[in-house]
Every structure is written in structure tokens, then in C-alpha cells.
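In terms of numbering that gives the first Met the number 0, the sequence shown is residues 0 to 782.
Check the hints yourself; a few may be wrong.
Said to hold, decoys possible - Subject to a maximum C-alpha distance of 27 Å in a straight line, what follows is the list of computed BS3-like cross-link-like pairs (lysine-lysine):
hint: 1; residue 1: K211; residue 2: K167
hint: 2; residue 1: K495; residue 2: K167
hint: 3; residue 1: K234; residue 2: K181
hint: 4; residue 1: K436; residue 2: K180
hint: 5; residue 1: K753; residue 2: K715
hint: 6; residue 1: K180; residue 2: K198
hint: 7; residue 1: K427; residue 2: K181
hint: 8; residue 1: K180; residue 2: K229
hint: 9; residue 1: K742; residue 2: K484
hint: 10; residue 1: K356; residue 2: K211
hint: 11; residue 1: K495; residue 2: K159
The set of hints was computed from the structure by calculation and includes no laboratory data.
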Amino acid sequence: MYEVLPSYGHVRDLAARSGSVRPNDDFSMVWEVPSTAWTYLKSIKVALSRSENLILALDPDREGEAIAWHIVEMLRQQDALRQDVTIARVVFHEITETSIKSSLQAPREIDVNLVHAYLARRALDYLIGFNISPLLWRKLPGCQSAGRVQSAALSLICDKELEIEEFKPQEYWTIVAQLNKKDRDQVMNAHLTHIDSNKLNQLSINSYTVAKAIEKKINAASFEVVVTKKTKIQKNPPTPYITSTLQQDAAKQLHFSPTHTMELAQQLYEGVQLSNGQVTGLITYHRTDGLHISVDAVKDIRSMVIERYGVEFLSGSAHKYFKKLKNAQEAHEAIRPTNICTLPSTLTEVLDEDALKLYMLIWSQTLACQMEPAMIEQVQVDVGDAGKLILFRSTSSKIDCLGYQAAYEDTEVGATRTKDNDSYYPQKLFEFLNLLKPGDPLLLSGVELRQHFTQPSSRYSEGSLVKKLEELGIGRPSTYASALKVLQDRNFVIVKDDVLYPEVRGRMVSAFLSHHFTEVTDYSFTADMESELDNVSVGLTEWKGLLRDYWDRFYSHCKRAESIHIHQVEKMLENTFSNFLFGSLPDNSRTCPRCMEGTLVFKVSSFGVGYCIGCDQHPKCKYIAKSLYGDEEEDEIPEDKKPMEKPKLLGLHPASSEKILLKAGPYGFYVQLGEDKKGFTPKRASVSHIKDMDTITLENALELLRYPVTLGNHPKDGQPVIIRLARAGFSIRHGRSIASVPKNLKPDHITMEKALKLLSSKRARLCGRRKREMKVEDVEAAM
């Protein structure tokens with residue numbers, strides 16, 4: 000009865016240029032249609048010409064409502080909506096036959112409040128990105144866009160790093176006694192909890208002297224069991240996966256980045272060809288914050304639990320899960336297999352290793368959410384001296400009822416999951432403690448003094464950062480992976496051993512934003528804005544009034560930041576990161592070691608190459624103490640960035656006999672033909688693209704110094720086409736057009752034909768001192 004056509008997401012978006020949102024024109028917006036979207040719009044238009052009903056069945060959230068609205072607006076502009084055409088909006092929260100049929104029986108109109116909430120969010124993200132980014136380019140050259148969610152995430156990472164740097168460790172000691180019964184070989188470790196009847200806290204024993212004095216008291220005492228306590232702990236089954244929790248568990252258990260997790264989930268959602276030849280989607284939609292599962296799916300899951308593990312593992316009644324987050328839209332079901340009967344073992348031939356692991360994780364979690372709780376039996380024994388002045392405690396546990404954890408036992412992720420959930424317990428210790436009774440004498444066989452130092456809180460992993468963003472209500476589940484990817488692509492953060500470290504560039508950006516745009520980096524800003532957008536969604540807040548309120552405050556910050564000179568930015572960053580920048584200098588002295596007159600200060604490169612510590616008497620003194628680059632390893636200066644005390648002579652030019660020198664400047668190494676002379680600039684060529692400076696020979700230098708080379712004149716305008724040396728390799732120049740040369744293409748092999756192809760390819764761009772025009776992709780990923 001129906002012809003079903005796709006829209007493939009948004010059919011139009013804000014134009015990719017500055018001025019697409021106009022605050023002074025009542026926030027009017029300039030839209031553009033991507034070239035690919037015209038194909039789908041044309042298909043809808045053709046189908047509508049022979050139909051009387053248009054049913055819009057997009058996602059039941061703000062984005063889905065916006066797509067429906069965009070489609071109608073575009074069709075109206077093309078006069079494709081006849082007066083006899085009925086427009087109906089239907090929504091369903093799960094892709095099941097029952098749900099879809101029910102939705103078709105209850106059509107409604109497009110919800111303008113949801114559309115207004117989308118417009119407000121889209122306009123505000125655009126205004127933030129397209130106003131902060133130019134300021135960053137001018138005040139912190141080389142730093143790119145800063146979006147709303149991205150900036151808050153970066154602030155979390157940088158604040159954590161600052162907290163770790165300022166942390167001062169404190170010494171403390173713990174004391175462990177080895178105790179056993181006279182008639183048994185089993186020895187138990189027990190931790191000291193009380194001394195002289197006083198309960199110990201972490202820092203109570205703060206020195207070796209105090210620990211030794213306590214050890215003396217322990218060795219002089221005799222011990223017996225004071226009290227035993229046996230309890231049963233119930234561990235409830237987990238909730239089914241939503242986008243954020245899937246990213247967290249995949250990062251923790253499978254060591255997948257959020258981006259990789261979402262790519263794999265997209266593959267599983269789009270579907271694979273099974274062994275029977277049928278193409279089918281393996282999981283439900285993976286961008287969701289809803290915890291509910293369809294009634295039919297729950298029945299199938301419960302049947303699978305009985306079939307696979309037995310009725311004793313099935314929960315007494317079907318578990319129903321509800322949203323935990325205040326701003327959850329719950330447009331879709333939780334992430335689950337489309338068919339729970341599709342076992343992971345049947346997909347080994349059709350899925351790659353990573354996709355299979357992720358499917359296994361989702362399949363196991365879906366089963367577990369409808370199973371019985373796990374029951375843990377725990378025994379706790381307190382041991383003391385006769386007067387109970389000294390008390391030790393030992394605890395052990397064992398699984399009494401496996402419950403939902405059985406779902407993980409027969410999967411590859413089971414071992415990791417079990418260990419993470421503390422479900423593995425030493426059986427012998429439990430049995431020993433379980434046999435002890437109050438009054439049983441125990442022999443002291445040894446005392447161990449353990450020295451510790453307090454540790455700062457851990458840096459964020461990608462999974463824990465996603466969890467923190469979700470807790471703070473910053474962004475939506477679908478924004479986390481893209482925001483983290485942007486931070487890494489912009490060289491703001493780096494991932495080492497699954498841990499997020501802020502790069503120098505990222506710390507500078509975060510400090511700049513925190514100093515001049517407090518609201519953007521304030522964790523409550525994004526969360527409060529999401530709440531305000533929810534109010535717009537239900538008609539409690541007028542969307543343009545909300546926009547005006549945020550825009551007026553934000554614009555005032557922009558105007559103030561525009562008047563800040565770059566030297567003021569340098570001074571602010573120098574004060575903020577004083578210990579980080581100058582703490583490693585010899586004797587903490589900031590006196591320039593070359594001229595002995597200047598002071599070492601923090602400098603921002605005017606060409607966006609990086610940041611450095613240099614003499615404030617520049618250009619009189621050109622000393623650089625330290626270059627700061629985001630891609631450095633273990634806080635070491637890369638070899639190609641370290642300053643040279645004096646030029647290195649590579650040899651003499653074979654024709655002119657002039658010296659060819661290897662020298663270091665503020666922006667990297669270069670080779671120079673001839674000595675420096677007053678009023679004369681010798682020919683130079685950058686070698687910063689060569690990693691090992693020790694490998695540069697006279698032949699290398701001669702090859703580089705022969706550039707630029709003219710290939711000939713352009714056939715259209717007669718202007719020369721030139722191969723020239725660039726900072727990171729070679730480029731082709733024609734007039735104001737410039738194109739980078741691929742690294743795998745040697746410049747000697749470039750013909751005029753190849754040069755013209757490069758100039759007409761995507762590698763080409765305009766150069767010059769024009770104001771850089773922003774592109775929507777520079778900020779879109781951070782929205």
C-alpha cells in the first residue's frame with residue numbers, strides 16, 4: 000500500500016559560510032541543499048506527483064522533526080505540494096510491525112516546538128563556532144575551531160591535567176599481618192584497622208617511625224578471632240545498552256575508541272549477508288538514549304534465556320528500564336540484537352574480528368538484562384588482641400548464584416567482564432575464613448609494613464570522559480564520538496595507552512577560552528542550554544528569546560576578546576602555565592643564557608607553527624630555550640625542533656664555493672647558501688620536513704636550494720607554474736593558486752600535465768593575506 004523513500008538524513012543545512020545566521024535580522028538563516036540531497040528530494044517529488052498522501056516517518060526527536068520540516072519546506076518551494084495532498088507525521092519508537100502499524104493509525108502534524116528547539120540549537124552552535132574560531136586563529140595562530148561540546152570536553156581534560164600537576168603526594172603506611180591457625184597451613188592476610196582502639200584512616204600512619212612503633216606493639220600481642228560476619232550481596236543485572244554506555248564498555252573491555260565503536264555499530268545496523276544469503280541488520284539503531292525494549296523482543300529474549308541457561312536464570316518478571324538522564328529524548332529502543340536467536344557463533348564467517356566482538360558485547364548484555372541477579376556470599380573476620388586495642392580485618396567472597404553473569408561466561412568478553420565486576424574470588428581463603436569462629440586463637444607469622452603515597456585522580460580515558468559528559472548533561476550521545484575525534488584531529492589531545500593527555504596547543508586553547516569565554520567552557524553552560532532547549536521542545540520557552548539571551552551575552556565576550564593584543568594572550572598563558580613552561584629550566588632561572596640581559600618568556604608563533612620559550616630581547620637576541628609542539632613524545636623536544644648553538648657546515652657550493660650551512664630558526668631547521676651579511680638575505684630552504692637532522696648531506700642541501708623551479712607558463716593565462724619548497728614538503732604555485740604535492744610524488748617527476756591536475760584537484764587552494772573564510776566542516780563536528 001505504501002511506497003517507502005529515504006531522505007538520508009538532513010536534506011539541507013546552514014550555508015557553509017559566515018553570515019548564514021543573522022542575529023540582526025531576527026535570527027534569519029540561509030540554507031543550502033547538499034548536491035546528494037537533490038536526488039532524494041527529486042524522488043520524493045516524483046512519487047508525490049502520483050499520490051494524495053505524504054507520510055513523514057522520521058525519528059521521533061528534534062532532529063527527525065527538523066528533517067520532516069525541511070522536506071515540507073523544500074517541496075513547497077518547488078510547488079510540489081498540491082492542495083489535495085494530505086501531509087501526516089507519524090512516529091514510532093521501535094522498528095517492529097506492531098509499532099509501525101499503530102503509528103499509522105495515529106498521525107499528527109509537524110511539531111513546531113521541536114522544530115524551534117532544533118533551530119535554536121543549530122543557530123547557537125553555528126554562532127559560537129563561527130565567532131570563536133576566527134578569534135582563535137588571530138590570538139592563537141595555528142589553533143582551529145572550538146565548538147560547544149568540544150570546548151567543554153577539552154576543558155574537562157585540561158582541568159584534570161592541571162589538578163594532577165598541582166597534586167602534592169602525601170606519605171602513608173599500611174600494615175598487613177599474616178595469621179594462621181595452629182592446625183592449618185592456610186595463612187590469611189589481614190589489614191590493620193584499629194590501634195589503641197582508634198580507627199585508622201588513610202593518613203593515620205604517616206611515617207616509617209610510626210609504622211615501626213605499631214609493629215612493635217603487634218609483635219608483643221597475641222590474637223584471636225573477635226567477630227565473624229557473613230552476608231549475601233545482590234548484584235542486579237545491567238541495563239541494556241544506550242549509545243554512551245556502549246561506548247564506555249567497548250572502551251573498557253575491548254579497548255575501542257568511541258569513533259571506532261560507532262563505525263562498527265553502523266556496520267551492524269546496516270546489516271550483513273548471512274550464510275542463507277539474506278541481508279539483514281544485526282542490531283537496532285545505535286544512536287539512542289532510550290532504555291526500553293519492545294514487548295515482542297523481551298519475549299524472545301526471555302525464551303532464549305530459558306533455552307540456553309534454564310528457567311532458574313530467568314528473572315521472575317520482565318525487567319523494564321527507564322531513562323536516568325533528565326534530558327533523554329528516548330526516540331529509539333535500547334541497542335539490542337534485532338533477532339536474539341542470531342548467536343555470535345553463527346557470525347564468525349560474516350563479521351570481522353572487531354565487529355564480532357562488539358556484537359557479542361551487545362548480545363550478552365541484552366540477555367543479561369532479563370536474567371536473575373547474581374548473589375555473592377561474603378565473609379568478614381575481625382581479629383584482635385585480648386583488650387581489642389589492636390584490630391585487623393580480612394574479607395573474602397565467592398559467587399553463590401551466578402545469575403546474569405552466566406550470559407558472559409561463554410563469550411570472549413566474559414573473562415574481562417567477570418574480572419571487572421569483581422566476580423573472581425580466591426576459593427581457599429573464603430573456605431578458611433568461613434571456618435573461623437569468635438574466640439579461635441590465631442598465630443602471628445609475620446608483619447609487613449607497606450609504604451604508599453597518595454595518588455592524584457586518574458586522567459580520563461575516552462570511555463570515562465563519555466561517562467562524565469553524560470553525567471554533566473553535556474551534549475547528546477551521538478555527539479560524543481565526533482567531539483573526541485575533533486579534539487584529536489585538531490591536535491588538542493592525544494591518546495596514549497587508552498588515556499587522554501592534553502597537548503600544549505589544547506591547553507592553550509582551553510586556557511584562552513576559560514579566560515575570555517567563561518560560559519562556553521563552564522560545564523553547566525551546555526547542560527543548562529540542553530534543559531532550555533527541552534523547554535522550547537514542550538512550548539515553555541520562546542526560541543528566539545532564548546537565542547537572543549544567549550547571543551547577547553556571548554557577543555559581549557567576543558567584543559572584549561577582539562580588543563586583546565596577542566602579547567596580552569602570551570602573558571596570560573605564561574602566568575597560567577608558569578610551572579609547566581619554566582619549571583624544567585636549569586636552576587629555574589629565567590635569565591637568557593645567551594645574552595644574559597633578557598628574560599625568558601612564552602611566545603606564540605605568528606605563523607601558527609607552534610609555541611616556544613625565548614628571549615624577550617628578540618630580534619636582538621634570537622635564543623630559543625624550548626619549542627613546544629603538540630606531537631612531542633614524553634615531553635621531549637623533537638630532534639627537528641631543537642635549537643642549535645651554532646651553524647653546521649655541510650660543505651661548499653661546487654660552482655660558487657660559498658658555504659652551505661645547516662641552521663636552526665624559530666620555526667625549525669633550514670639550509671643556507673652563504674654567510675649572513677648586513678642588508679643581504681642569503682638563499683635559504685627549510686628542512687623541517689626531514690626528521691633526522693644528522694642525515695642531511697651536502698647533496699640534500701644542494702637539491703633543496705635549487706628550488707623554486709619554473710615548469711613553464713600556464714596554457715590559459717601565460718603565468719608561470721612553479722614548483723617550490725613548502726614547510727612540509729613541496730607545492731605547486733600558479734598566480735594565487737597553490738596545491739601541495741603528495742609525499743609519494745618526487746618533485747623531479749612532476750611534469751606540466753601533472754602540475755595542472757594538482758592545481759585543479761581538491762588539494763588546490765587560494766593563498767594570500769585575505770581573511771580566511773570559515774568552512775562549516777571546521778566547526779560542524781564539534782556541535
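Hints versus structure:
no.	hint	verdict
1	K211 with K167	holds (25 Å)
2	K495 with K167	holds (24 Å)
3	K234 with K181	violated (36 Å)
4	K436 with K180	holds (11 Å)
5	K753 with K715	holds (16 Å)
6	K180 with K198	holds (26 Å)
7	K427 with K181	holds (17 Å)
8	K180 with K229	holds (20 Å)
9	K742 with K484	holds (24 Å)
10	K356 with K211	violated (51 Å)
11	K495 with K159	holds (16 Å)
Hints 3 and 10, counting from the list given before, are not met by this structure.
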